[in-house]
Amino acid sequence: MMVSFVIPSRNQAGFIERCLDSCLALDSHEREVIVMDGASTDKTQSLLSAYGSRIQWLSEPDRGQSDAVNKGIAKARGEIIAWINSDDYYPDHRLLSHIMEKFCREPTLDIIHGDGNLVDSKGAVIRRFRSSEMTSSREMLLRAGIGICQPALFFRRRLFLEAGGLNIHLHWAMDLDLWLRLFPLARKVSYLNEVLACATCHPQAKSIAGMWPHIHEICAVLRKYQGQHSWTVAERLKLWRGKTALYLYGLAVRLHLKKVI
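So for the sequence shown, our numbering puts the first residue at 59; every next one is plus one.
Subject to a maximum C-alpha distance of 30 Å in a straight line, what follows is the list of computed DSBU-like cross-link-like pairs (lysine-lysine):
| hint | residue 1 | residue 2 |
| --- | --- | --- |
| 1 | K301 | K282 |
| 2 | K296 | K246 |
| 3 | K246 | K133 |
| 4 | K282 | K129 |
| 5 | K282 | K296 |
| 6 | K282 | K246 |
| 7 | K101 | K180 |
| 8 | K246 | K129 |
| 9 | K246 | K301 |
| 10 | K160 | K246 |
| 11 | K160 | K133 |
| 12 | K101 | K129 |
| 13 | K160 | K129 |
| 14 | K133 | K101 |
Label-pair restraints from in silico Cβ distances:
| hint | residue 1 | residue 2 | range |
| --- | --- | --- | --- |
| 15 | S155 | S104 | 24 to 32 Å |
| 16 | H274 | D85 | 41 to 49 Å |
| 17 | H287 | P165 | 25 to 33 Å |
| 18 | E118 | R186 | 35 to 43 Å |
| 19 | E220 | S190 | 20 to 28 Å |
| 20 | E137 | L309 | 39 to 47 Å |
None of these hints come from the bench; they were simulated from the model.
Every residue, glycine too, gets a C-beta built ideally from N, C-alpha and C.
Generate coordinates for the entire structure from the input sequences, incorporating the hints supplied.
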């Protein structure tokens with residue numbers, strides 16, 4: 059069974075080698091590494107060229123990160139997809155091997171996800187991103203979309219295609235929008251209480267530089283899918299608290315980053 063690492067990138071020359079090396083460290087299973095570069099203007103392309111045949115890459119203008127990921131997965135040959143952004147990385151190739159072994163052993167297992175570490179630009183841990191086992195999209199909505207660490211989630215390519223891929227009109231909350239369509243289609247989901255990936259927090263990171271547009275788009279996605287369900291009064295209060303927590307989280311991240319970056 060092959061895993062395809064799909065990496066969207068633009069102007070991340072300072073981080074992309076760390077990401078690539080962490081993907082290539084998996085040597086116990088067949089794998090391919092696909093980089094979709096959005097016409098970077100830094101030295102990304104020369105760095106990619108140095109990897110030779112160990113990776114596949116294409117540099118061209120795109121319509122954003124969602125478009126790049128969709129195109130990368132369209133090129134992928136692997137049954138398992140690992141979508142990871144170029145400034146993130148996998149801390150332990152042995153856990154990647156364990157993930158692949160679980161997919162091989164359990165043919166009805168469609169999604170594996172776990173925890174992540176939020177790290178600074180040098181790789182020092184800021185805090186652990188504790189995910190939680192999700193049993194339904196409804197539960198995800200009640201948690202305001204909080205609980206899934208994007209680079210720490212792995213899924214079958216078939217499921218992604220069945221869900222219709224990423225919405226290219228979304229630029230911040232496209233992962234949440236995908237999860238809300240992906241999870242209801244999954245035959246089985248497994249949560250691992252392990253740090254499967256590291257997400258880098260730096261001033262140029264998309265989710266940091268655009269923290270408030272990101273949160274606004276998350277809330278828009280939540281409203282869209284919440285409208286497809288009926289809610290009790292208690293649940294509506296929980297939904298409101300979840301959105302409030304999102305804004306408080308954004309404020310806390312911005313304040314904390316001023317201290318660590």
